[in-house]
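Participant: Grab the two chains, each in its own frame, and use the hints to assemble them into the complex.
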Amino acid sequence: MIRLRLERRESTPTWFSFALPLAAIITTLVLCSGLVVMAGANVWEAYTTLFMSALSSRFNLVETMVKASPLIFTGLAVAVAFRAKFWNIGAEGQLLAGAMAAAFIGGLSILPSWSMVPLMIISAAIAGGLWAIVPAILKTRYKVDDVVTSLLLNFIIYYAMTAILDGPWRDPISGYPDSPDILMDAEFPVLLRATRLHLGVLLSVMAAPIVWWVIRQTTLGFAIRAVGENPKASAYGGINITKVIIITALISGALAGLAGAGEVGGIHFQIMAGISPGYGYSGIVIAMLARLNPLGVIPAAIFFAIIVTGAEGMSRATGVPVFLADVIQGTSLLTMLAALLFTTHRIRIKQAHHG
Amino acid sequence: MDEILMQIFQVGFFTALIRIATPLIFATIGELFAERAGVLNLGIEGIMLLSAMTGFSAAYFSDNLWIGILAAILTGVAAGILMGALTVTLGLSQHVSGIGMTLFCSGLAFFFYRLIFGQPSTPPNIVAFQPVAVPMLSDIPIIGQPLFNQTALVYIAYALVPMAAFILFKTPWGLSLRTVGESPHAADSAGVNVAWTRYQALMLSGALMGVAGAFLSMVQFNAFTFGVISGRGWVCVALVVFGLWSPWRSAAGALLFATIDALQLRLQASSAIDIPYQLFLMLPFVLTIIAMAAVSRNARAPAALLKPFRKEER
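Protein chains in written order, with our numbering: chain X, -12 to 342; chain C, 168 to 481.
Please note: incorrect hints may appear among the correct ones.
[Unchecked claim] Computed list of lysine-lysine pairs in DSBU-like fashion (alpha-carbon distance at most 35 Å, straight line):
id, chain 1, residue 1, chain 2, residue 2
1, X, LYS72, C, LYS478
2, X, LYS219, C, LYS478
3, C, LYS337, C, LYS478
4, X, LYS72, C, LYS474
In short, the hints are calculated from the structure, not lab data.
Just chain C, same shape as in the assembly (with noise of 0.2 Å):
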């Protein structure tokens, strides 16, 4: 048992960890930002898949990552403003709306990662983002290199999450922002365009789903492949409600299901225990489940999610 866990916690499985849960806290936040402003934005996964082949192409060919990065914001600002023309402006079903914006972009995604590279025998790949250690703190022991050895993403993500804090809660458009998410019609009446306040948030989250994405594919893998996101989006769906709708808890979340996640892989490496992988797998998303029945009877979503605003209508 002390070998297993000995294999389990080595340096390498923090460092694992943090970079599995980058992508759930870049994702996790945009999603967030969207249900504040009340709309549930279930396009992520496809967003996700979209913006990883967008991102891994533009880099691919221009030898740039943060091109790639750049691509991949695009695409999930593109991504944002249809998700508000369906559910702001035609004031649409956001589940359906949600569910035909990722099968919308998965297609795309397959449809023009096949149309650029074919079906080559090896998937193209690319140098992925490489570890850039911070100067002193990088030499704390034992957190130091999980902590301040990682890709620059992996920064930003830390930032991350204060800084939604700060916009959401110390903000006039953070104010603005939740108004529009618990009570449209009090945001409308206080003089906020409440139509256009939405779309920002789409197009915010949009953007956030979008560096999640070409995470996956610049970092975690430095390849597009049809599976790399396989459940991720929906998993971060499932870390706000956990995290009731607070930056920092669901950022807690993700670190949790992150990691289960690196638990996983670290098992599924290890000799000692034989059991099938594909349950490893599973793992967190029965997880994730338990954890949703568990907080969501007593959480509150903002008041106006799932509500389309019409402004003669009330």
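Isolated chain X (complex conformation) (with noise of 0.2 Å):
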């Protein structure tokens, strides 16, 4: 009889970290083709448009690259977090508490124009580091579970901001439920003439080479990692793992607020409730399938901004529903999640003996 069993590996391949993600993709596709099959479509037609549409022009290629950008922070937002082993969910209202923080900066005429867009940057990036602290506080003072807290604390900040903008911050021009624009000095500068790259864009993308720096050459970064990986161990060498998960919990929750400046400064020039379509929870999917590492991020981001991109342009086009991009989203976390077990274990083809 041939078992297959798993067994502990030593050392992880280098050239897995291109691998696994690659074969995690590829399965997703692969298993998400029957979905296509089932909406009546053609396979091939309909995974040509949902890649190709986002890199047709130079016009989508730009909007992939400025949809990639909350996308970098929020994976990044949670990678950090991850390595901890403190488990931020709330990558999705720290983007929000990050939000609202810039549009309030961005609306105020009394700063100078010169200072409008640092402050807002600084501010979005306080506002969702606090609010990332609440579930750190929560889980290393009261033992609270802090996937739990930091998931329902998505929920109590959506519904704050809608009060808020059902109320005292509607758009008195406008009467709709959303706030006021921010001030022309406020908006972030556009790189390219004509386009949508703005600020953020490039934040996004210098943010993670700075976040892998840390993560990898610092002593912080250290703590970080030997807190995730042994917590006992780490305590015994002497690190507070209180001070290190509320830090954690600080950079994490700051990465996600700048995920939200860019998308007032650069993007909606206001906040209305519509304006994260999940980016937080994508970005779990996308820090999982870097491997948790920075740099790994941004090729993750850019793939899922073409699909989410792409998406629409699929749907018009073969009649398959935009929630495909929904289901390879969860469908690549699973995956992947899979793909992780041979970092760690092998498959053995085994010869059982008998008797």
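Facilitator: Here's what the structure looks like:
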């Protein structure tokens, strides 16, 4: 009888960093092709429009990068948190906190015009960080599960935001439950004329190597990794776990908050209920696909930006519901998680002995 | 003030309270079985959403509500098996698997709903379950109507809590299940199949979450909307902690949550108070977090929760 069994492996080959996400994505696309067939479309046609429409023109290419920017930020936010095994599922809410802070600062006419953009960025980071500290304190002080609290906090801030938009912050000109537009001076500079490629996109691409450096090269980064990998040993080694988790939460939330700043300062110029179509949750998928490596977050985020942008075109051309993009996200998280098993284990085919 | 209190505590208030508590009880007991066996099932939110969709669709096309419930149960069981494949067979992170399950199931729910129904201007609806009055009992003053003039699933929820307690604490299967969640190696030595027990717990967990989801789309709202669950699943995960992994205490937590939710619905409708309704929607979530903070320090989760079991590795 032949049995398959999992065995621990000592080291992980470096090419796995590329091969595993690729394998996960290919598996996902194969699995999801069943859905395309069910929708009565040609798989090849649906997938080519899905991937190509985002890359077909200069305009679409720029739009894909614009979509990738918040995803890079939320992906980084999750990657940092998960490194410390701080299960921050609240990037969505932290993004909203950052967006609200940016929109508030961006609407203040008393500030000198040169200071508006930097102040928006800083305040968004602070707001996101503070909102992320809540589950961190609940985890370290009260031993409350961080997954559940960070999730519930997403709903709390969302309802709080819509309450304010419905009341004191409603745009008096349009009358819609949106915040008033930010001032002209608060709009993020555009990097490429006649496009929406804004400062936030540049910041997100720059943030990835910085976060990578912090995690890899600094004492703080070492502490974050140590707490994630072996909390008992790191406490024994003199690391203050509570402090590390709270700092991790601050960094993670600040990154998610920056995603909100970019959306307000570079895209919408105001706050409305639908400002984030789930960027925070996509960040989890992206971080996992990147194997929590901040540098890997950029390609992973671009990949999902392509899918999100392309899904509309695919839906128009082939009739496959746009929600295929959501299924692809969920499926690739699961396939990547399964693929990660190969970093710690190998499959051995065993001949079982009788008697 | 008296007027506000009068507006709130009508008979209808208690009827609504029971109706709101019912899906929470189903899903909370479902989550509890999984966690007692050592698996945190964070797929709950997505499983409820997908079941709400499949249950509604099956009822819509078959014109039979019970076929809808059956479809929802089967959906939940299938999701439970998938969750088992990830967390039991492969031994992957329960946190990330659960979030992945929720994203995956939610995506499927949206995808198939759009595929089946397109984008109608008014969402299709069904004739929902109707209340069935229990003879005699429903005539009891005050409590008779809210407790005993409800839909059939509510009565099943009443029976579910004592049944769950009985199964967990009085049957051999319940004992194996708890041992698997506390000390899988001991269970294994005693001849219990740890993996299979966890699969069974996850299937039961999924089935109950399925009923909870179907209740929301087939009793509470009689239509499927993308926001039909909106965080209720996550609340149930919190209720299990709040209930210290006991069916009775968790169900009591569900009733408490339902009371707050029913209260906020009343206050929303009441003209006496002028506060944005979103703040009322927020309130139950805030209180859930406070309740968790109050009990978590002393709460003792099943010892093997979150820990995959591999026979050859100790």
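Participant: Could you run down the list of hints and mark each one as holding or not?
Facilitator: Comparing the hints with the structure gives:
Between LYS72(X) and LYS478(C) the alpha-carbon distance is near 25 Å, which keeps this suggested pair within the 35 Å criterion. Between LYS219(X) and LYS478(C) the CA atoms are separated by roughly 24 Å; this keeps the pair inside 35 Å, and the hint holds. Restraint check: the Cα-Cα separation between LYS337(C) and LYS478(C) comes to about 27 Å, which is no more than 35 Å; the hinted pair holds. The straight-line distance between the Cα atoms of LYS72(X) and LYS474(C) is roughly 14 Å, inside the 35 Å bound, and the hint therefore holds.
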